[in-house]
Amino acid sequence: MDVDQTGPEVAARKHAESIHPSGVVRLRATGIHKRFGRRQVLHDVDLTVRAGEIVAVVGANGCGKSTLLKICAGLMSPTEGTVTVNGRLSYCPQQAGLMGFLTAEEHFALFGAGCGLDRETARSRGRELAASLAWDTGMGIQARHLSGGTQQKLNLVLAVLSNPDVLLLDEPYQGFDRGSYVDFWDWLQRSRQAGKAIVVITHMLNSRDQVDGVLDLGDAKADRDS
Amino acid sequence: MTKLLTVTEMMCRDLARRRAALGLLAILPLLFYLARHDSQPEKAIRFAGLGLAWAVSTAGLFTSNTTKSVESRLRQIGFQIHHLYLGTLTALLALGTLLGAAYFTLIAVDQNLQRPWGVALEFILTILVAAPLGLLISAVAPRDLEGTLILIALTALQFLVDPAQRAAKLLPFWSTREIGIYAVEAGAIEYLRNGLIHAAIFIAALLAATVSLSALRLRRRAHLRLQQTPA
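Just so you know, the sequences run in chain order C and X. FYI, the numbering for the first sequence is 1 to 226, going by the numbering used here. FYI, the numbering for the second sequence is 1 to 231, going by the numbering used here.
So that you can see chain C by itself, here it is in the shape it has in the complex (with noise of 0.2 Å):
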């Protein structure tokens, strides 16, 4: 597996504005292997993850990058390895895992209170996140009248809405427009400077510089196929 061509600890490449470059380990993915049947997704992936660290995770379409994140966040089983989370996990599907009938509030409401918070609070924090992604208005509005761009946005604040030690993104920025895409990468340098752990799937080249580590899971599996 090809890891930026530093081995296979990603944090080893270090962004030079790093602000925790010695943080606590928040995730640790070691051999990670993936199959499903004959076809080899991922092997022998490792990925080293600190406080303070925002890793992207890039390669070919059908590479396994969404696979090693769900593996990551333990929504499935990979075929060998371990992961280990220190802390609270959180994680952002790439399409937005949301009940179309309800309003950005009760997202906030139900969501809050899976991780303790009582309602009010769950919907204050729901309005100052949407509200850093640029996002304030249409809070009332069942989510599937939101916009494509505006529901990943719901979907964003969802996954951090608990106030995770660990974020976990499978390209969170779809249906974005380039004002907001800044916002989110100005949030996510914000998110990493309060010591988030972040791992965000990406395939804008140009994003690479904002990062303190990639991981490259090169081409397709079927060139891995075996």
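These are calculated hints, taken from the structure and not from any lab test. Don't be surprised by glycine CBs; every beta carbon is placed ideally from N, CA and C. Treat each hint with caution, since some may be false.
[What the hints assert, rightly or not] Residues from chain C that face chain X, not an exhaustive set, calculated with beta carbons under 7 Å:
no., residue
1, Leu75
2, Ser77
3, Thr79
4, Thr84
5, Met99
6, Phe101
7, Leu102
8, Leu110
9, Gly114
10, Cys115
11, Val160
12, Asn163
Starting from the known structure of chain C, fit chain X onto it as the hints suggest.
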């Protein structure tokens, strides 16, 4: 308790806003009832019960299918499996109770019932079987089309199989017919007893199966080790 109530409330809100689907589901028992209303009014009540069963199971199937991706996220952020399962089930039972109460009132006004509490019992047990049945079908056939076909097949069999056959007892709503005979046709107490036993077995089996499958789907994976060390 707050978590369970919140899930239940949101599932109820989600269900209540599906107005077009709910409207269609709500008239299903009426159509079944009207189909035999003039020729065999006593059978019309049992048909209304089966229509009610179909409506609640269908609501369970589609609700479960559309909330699966959310459930895995909710599980991850702190909900327990029983919060999610019971919250969904309670919302379905609430829907079924509303529908059942409406149709019971309609039938009680429309017909001279000898044992109205028997009809009420028939509807209650039908709803209690139908809700976990819809969730079970969603668990074993996660795509809408396959799930719908299974539900149609089950309902069709319920109408087509001779209730006197032993195989008929394997169908989930055999109890509806038995209790219906007791309630509407002044049947012997055996009909009530058989119906109660059948319904109890099916409710227990369906709950056990759906809880097990939910627990399997939403389980914490063995490869994931969680620690809590301050930064």
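Verification of the supplied hints:
Interface restraint check for Leu75/C: the shortest CB-CB distance to chain X comes to about 6 Å, inside 7 Å, so the restraint holds. Because the closest C-beta pair between Ser77/C and chain X is about 5 Å apart, less than 7 Å, the hint holds. The beta carbon of Thr79/C is not positioned within 7 Å of any beta carbon in chain X (closest approach about 10 Å), and the interface hint is therefore violated. Residue-level restraint check for Thr84/C holds (minimum Cβ-Cβ distance to chain X is 5 Å; threshold 7 Å).
Hint on Met99/C holds. Least Cβ distance to chain X is approximately 5 Å, under the 7 Å limit. A cut of 7 Å between beta carbons decides the hint on Phe101/C: the least distance to chain X is about 4 Å, and the hint holds. The interface hint given for Leu102/C holds, since its Cβ lies 6 Å from the closest Cβ of chain X, which is under the 7 Å cut-off. Because the closest C-beta pair between Leu110/C and chain X is about 5 Å apart, less than 7 Å, the hint holds.
Satisfaction of the interface hint for Gly114/C is found here, the shortest Cβ-Cβ separation to chain X being roughly 4 Å, below the 7 Å cut-off. At its closest, the beta carbon of Cys115/C sits 5 Å from a beta carbon of chain X; the interface hint therefore holds under the 7 Å criterion. Contact between Val160/C and chain X, as hinted, is not supported at the beta carbon level, the nearest pair being about 11 Å apart and thus beyond 7 Å. At a threshold of 7 Å, the smallest CB-CB gap from Asn163/C to chain X is about 11 Å, leaving the interface hint violated.
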